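There are 2 protein chains.
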Amino acid sequence: VEIDRLLLELFLIFAAAKLAGELFERIRQPPVIGELIVGVILGPHALGAIGESEVHEIFQQLGAIVLLFMVGLDTRLGELRAVGRRALGVGTLGIAMPFLTGLAFVTAIEGSLDEGMFVGAAMVATSVGITARVLADLGVIHEVESRIVLGAAVVDDVWGLLVLAAVSGGTRGDLTALDFAALAIGGIGFVLIVATLGRKVVSAAIPAVTDAKTQASPVAFALAVCLGLSALAGQIGLAAIIGAFLAGMAFSESRPEWDLENQLESVYVLLVPYFFVITGSAVDPSIFTSGSTVLLVAAITGLALVGKLIGCGLGMWGTSKRSVAIVGVGMVPRGEVGIIVASVGLSRDIIDNELYGAIVAMSILTTLIAPPILKALYAGRPTQPRAPGARRGRDVEGIGG
Amino acid sequence: VEIDRLLLELFLIFAAAKLAGELFERIRQPPVIGELIVGVILGPHALGAIGESEVHEIFQQLGAIVLLFMVGLDTRLGELRAVGRRALGVGTLGIAMPFLTGLAFVTAIEGSLDEGMFVGAAMVATSVGITARVLADLGVIHEVESRIVLGAAVVDDVWGLLVLAAVSGGTRGDLTALDFAALAIGGIGFVLIVATLGRKVVSAAIPAVTDAKTQASPVAFALAVCLGLSALAGQIGLAAIIGAFLAGMAFSESRPEWDLENQLESVYVLLVPYFFVITGSAVDPSIFTSGSTVLLVAAITGLALVGKLIGCGLGMWGTSKRSVAIVGVGMVPRGEVGIIVASVGLSRDIIDNELYGAIVAMSILTTLIAPPILKALYAGRPTQPRAPGARRGRDVEGIGG
Chain A
1 VEIDRLLLEL FLIFAAAKLA GELFERIRQP PVIGELIVGV ILGPHALGAI
51 GESEVHEIFQ QLGAIVLLFM VGLDTRLGEL RAVGRRALGV GTLGIAMPFL
101 TGLAFVTAIE GSLDEGMFVG AAMVATSVGI TARVLADLGV IHEVESRIVL
151 GAAVVDDVWG LLVLAAVSGG TRGDLTALDF AALAIGGIGF VLIVATLGRK
201 VVSAAIPAVT DAKTQASPVA FALAVCLGLS ALAGQIGLAA IIGAFLAGMA
251 FSESRPEWDL ENQLESVYVL LVPYFFVITG SAVDPSIFTS GSTVLLVAAI
301 TGLALVGKLI GCGLGMWGTS KRSVAIVGVG MVPRGEVGII VASVGLSRDI
351 IDNELYGAIV AMSILTTLIA PPILKALYAG RPTQPRAPGA RRGRDVEGIG
401 G
Chain B
1 VEIDRLLLEL FLIFAAAKLA GELFERIRQP PVIGELIVGV ILGPHALGAI
51 GESEVHEIFQ QLGAIVLLFM VGLDTRLGEL RAVGRRALGV GTLGIAMPFL
101 TGLAFVTAIE GSLDEGMFVG AAMVATSVGI TARVLADLGV IHEVESRIVL
151 GAAVVDDVWG LLVLAAVSGG TRGDLTALDF AALAIGGIGF VLIVATLGRK
201 VVSAAIPAVT DAKTQASPVA FALAVCLGLS ALAGQIGLAA IIGAFLAGMA
251 FSESRPEWDL ENQLESVYVL LVPYFFVITG SAVDPSIFTS GSTVLLVAAI
301 TGLALVGKLI GCGLGMWGTS KRSVAIVGVG MVPRGEVGII VASVGLSRDI
351 IDNELYGAIV AMSILTTLIA PPILKALYAG RPTQPRAPGA RRGRDVEGIG
401 G
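Chains as they are written, first to last, in my numbering: chain A, 1 to 401; chain B, 1 to 401.
Since the hints were derived computationally from the structure, they do not count as laboratory data.
The structure presented is a predicted model; accordingly, all values stated were derived computationally and were not measured.
Hints are not guaranteed to be accurate.
Each pair may be met inside one copy or between any two copies, as identical chains are not told apart.
With a Cα cut of at most 16 Å, we get these calculated EDC-like pairs of lysine to aspartate or glutamate [unchecked claim]: (1) 213 - 25; (2) 213 - 22; (3) 213 - 114; (4) 375 - 349; (5) 321 - 79; (6) 200 - 253; (7) 200 - 2; (8) 200 - 349; (9) 200 - 143; (10) 375 - 253; (11) 375 - 4; (12) 375 - 110.
Work out the full structure: start from the sequences and follow the hints.
Laid out in C-alpha cells, this is it:
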C-alpha cells in the first residue's frame with residue numbers, strides 16, 4: 001500500500017540522515033551538509049528512493065518549524081532588540097540588491113519585464129534554517145553576528161512577502177493598493193504583536209498549564225503554540241518558520257520552570273533531519289548536462305550570491321570585515337522560498353522551464369555553498385558542538401548594535 | 001497553498017486533542033475517548049475541519065507506532081513469554097470466532113460466499129492501540145490481563161495477515177499455496193526473530209551508539225529502529241504497529257542507561273493524539289439515518305463484539321470472570337484494520353457501499369465501546385494515571401500464565 005511505502009521512505013530518510021550526520025561529525029564538517037547530500041543522492045532526480053508528495057512537504061516544513069522554534073527558544077527579545085536597527089538594515093538591503101540585480105539581468109537577456117520581476121522576486125528571500133543549524137552546530141548562536149542574521153531573516157521574510165505579493169499581483173494586474181496595504185499590515189503586525197506580546201501571553205498561561213492534568217502539559221502547550229503560530233504565519237502569507245521562531249522566543253524566558261530545550265530534544269532529533277534531506281532531494285543533477293543551462297545557472301547563482309553579499313554587507317557598514325562576511329554569507333541560502341516563487345511563475349507561464357530549473361539550482365547551490373564558508377569563517381576558533389541537552393550559559397554572549 | 005492548509009489542520013487536531021483530553025481527565029474519563037470524539041466532530045463527515053489525505057494517514061500511523069513503541073518499551077520478553085500460551089489461545093480463538101460468525105451471517109443474508117469471506121476477514125483483526133492507551137492511562141499495563149492482551153494482539157495480527165491473504169487471494173483465485181506459505185513464514189518468522197534477537201542486537205550496538213558523536217545518539221538509534229521495524233512489518237504485510245511494539249521490547253532492557261521512556265516523552269505527546277483524532281474522523285454519522293442500515297450496523301457490530309468476546313473468553317478458560325471480561329473487551333476494538341480490509345473488498349466490487357459503511361461503523365463502534373467498559377471493569381480500584389516521565393517500578397506486577 002502507498003502508506004507502507006511512505007513509512008519506508010520516512011525510515012530511510014531518517015536513518016540515512018543520521019548516518020551521514022555521524023560521518024560528517026567525524027570528518028569535522030557540519031552534519032547538515034551530510035544530510036543535504038544524502039537528500040540529493042536519495043532524491044527523485046537521482047536514486048529515486050525519496051519521492052515527492054504532500055507528506056514530504058509537510059515533514060520538510062515540520063523539520064524547519066521545530067528547528068526555528070528551538071532557535072527561538074534560545075533567543076531573548078532583548079538580544080534581538082539590541083541588534084534591531086542593524087538587522088533592519090541588513091534585511092532590507094539584502095532584499096533590495098538581489099531583486100534589482102536579478103530583475104536587471106533577466107530583463108536584459110530575456111527582454112521581458114514580467115520574467116525579470118519573477119526571477120528577481122525568487123532571488124530575494126533568505127531561508128534561515130540552514131544558517132541557523134550551522135551556527136547552532138558551531139556553538140556560536142549567541143554571538144552578535146548570529147543575532148543579526150536571525151533578526152534580519154525576520155525582516156527579510158516580511159519584505160519577501162511584500163515583494164512576492166507585488167510581483168505576483170502586479171504581473172497579473174489584480175492587486176489593488178488596498179490588498180497590498182492589508183498584506184503589509186498583516187505581516188508587520190503579526191511579527192510586532194507576537195514578538196512583544198508573545199512572552200506575556202505565555203507567562204499569563206503558566207498557572208493554568210501547571211495545573212493541567214494532561215501528560216507533560218508544558219510540552220503540549222509549547223508544541224500547540226509552536227504549531228499554531230506557524231500555521232497562522234502560513235495563513236498570513238509569511239513563512240511558517242517565522243511563526244515558529246517567534247513562538248520559540250515567546251517561551252525563551254519560561255525555560256527555568258519547564259526546561260523545554262531538554263524536554264523537546266527528541267522531537268528535534270526526530271523531525272529536523274527531514275528538513276535538510278528533503279530540501280536536498282529537490283536537486284536535479286541532470287540540469288548540468290547542457291552548456292547554456294550551466295551558464296545561466298552560474299550567472300543567476302552568482303548574482304544571487306553577490307547581490308546578497310553586497311546588500312547585507314552595506315547593512316553591516318562600519319563593522320569588522322569578518323562580521324560583514326559572516327552576516328553576508330549567513331543570509332545567502334535561499335532554500336525552498338525561491339523555489340516556491342519560481343513554481344508560481346512557471347505555473348502561470350511567465351517563466352519557462354529552463355529559467356525555473358536555473359532558479360531551483362540557484363536555491364540549492366546557495367544553500368550548499370553557505371555552510372562550508374561559514375565554517376571556514378569560524379575556523380581556528382575553538383568549536384563547541386551544539387547539545388540542547390546541556391544548557392549553555394546565557395551570559396557568555398556579547399551583544400551590541 | 002495546500003501545505004499551509006495541512007499545517008493548520010495539524011495544529012487544530014493537536015490543540016483540540018489536548019483540550020478534549022484535559023476535559024476528559026477532569027471528568028475522570030479516559031482522555032482517549034475525548035480525542036476520538038473530537039475526531040468525529042472535526043472529521044470530513046461532520047464539521048469538515050479535518051480532511052482525508054496521505055498526510056492524515058501517515059500521522060495516524062506514526063501516532064500508533066510511537067504509542068506501541070512506548071508500550072513495548074515497558075514490556076519485557078520474559079513477561080510476554082510467561083503469558084505466551086494463554087496469548088496464543090486468546091489470539092487464535094479471537095480470530096476464528098468473529099470470522100466464522102461474520103462469514104455465516106453475511107453469506108446467509110446476502111447469499112454470496114465471497115462477500116461473507118470479506119466481511120468475516122474485516123471482522124477479525126484487533127487494533128490494539130486503543131486498548132493499550134486505555135490500559136496505560138489506567139496505570140495497569142503491567143497486570144497479567146494487559147500482558148495477555150498485548151501478546152494476543154501480536155498473535156491476532158499474524159493470523160489476521162493470513163486470513164486477509166487467503167480471502168483476498170482466494171476470492172481473486174490467484175493465491176498459490178506457495179505464496180501463502182511464504183506469507184505465513186514471513187509473518188511468523190518476523191515476529192519470532194525480532195522478539196528473540198532484537199534485544200541482543202540492541203545490546204550489541206550499545207558501545208557504538210554510546211561512542212557516536214551524533215546529538216542524542218541513543219534517542220536517534222531507538223527512533224531509527226522503531227521506524228525501521230515498523231516499515232519492515234508493513235512491507236511484510238503485518239501491521240506497522242507490531243513492528244513498533246517489538247522494537248520497543250528490544251529496547252526494554254536498555255533503559256537504565258538511556259532512559260528512553262523519559263527522553264521520548266515529547267515525541268509521544270506530539271504524535272500519539274493524531275492516531276486517535278484521525279481514527280475518530282473516519283466516522284460518518286449520516287449512516288445512521290437509514291433504518292435498514294442501522295439494523296445491518298447493529299447486527300455486524302453485535303456479531304463482532306460477541307464473536308470476539310466468546311473467542312477470547314474461550315481462550316481465557318479457567319481464569320476469573322473479571323479477567324475473562326478484561327481480555328475479551330480489550331480485544332474488541334477493530335480500529336483501522338477492518339476498514340482497510342473492507343476498502344479492498346469495495347475496490348474489487350465484492351462488497352457494496354452499504355456493507356462497506358456497516359464495516360466502517362462496526363470498526364469505529366467497537367473502538368468507542370471498549371474504553372468505557374474497560375474503565376468500568378477497573379472501577380473501584382485506585383487508579384494511577386500514566387506518566388512516562390515518572391518511571392514505575394517493574395517489580396509490582398504479578399505475572400502468571
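Against the structure, the hints:
no. : hint      : in the structure
1   : 213 - 25  : between (41 Å within a copy, 6 Å between copies)
2   : 213 - 22  : between (39 Å within a copy, 6 Å between copies)
3   : 213 - 114 : neither (57 Å within a copy, 49 Å between copies)
4   : 375 - 349 : neither (39 Å within a copy, 60 Å between copies)
5   : 321 - 79  : neither (22 Å within a copy, 65 Å between copies)
6   : 200 - 253 : within (10 Å within a copy, 44 Å between copies)
7   : 200 - 2   : neither (45 Å within a copy, 32 Å between copies)
8   : 200 - 349 : neither (47 Å within a copy, 58 Å between copies)
9   : 200 - 143 : neither (26 Å within a copy, 45 Å between copies)
10  : 375 - 253 : neither (30 Å within a copy, 40 Å between copies)
11  : 375 - 4   : neither (39 Å within a copy, 33 Å between copies)
12  : 375 - 110 : neither (37 Å within a copy, 71 Å between copies)
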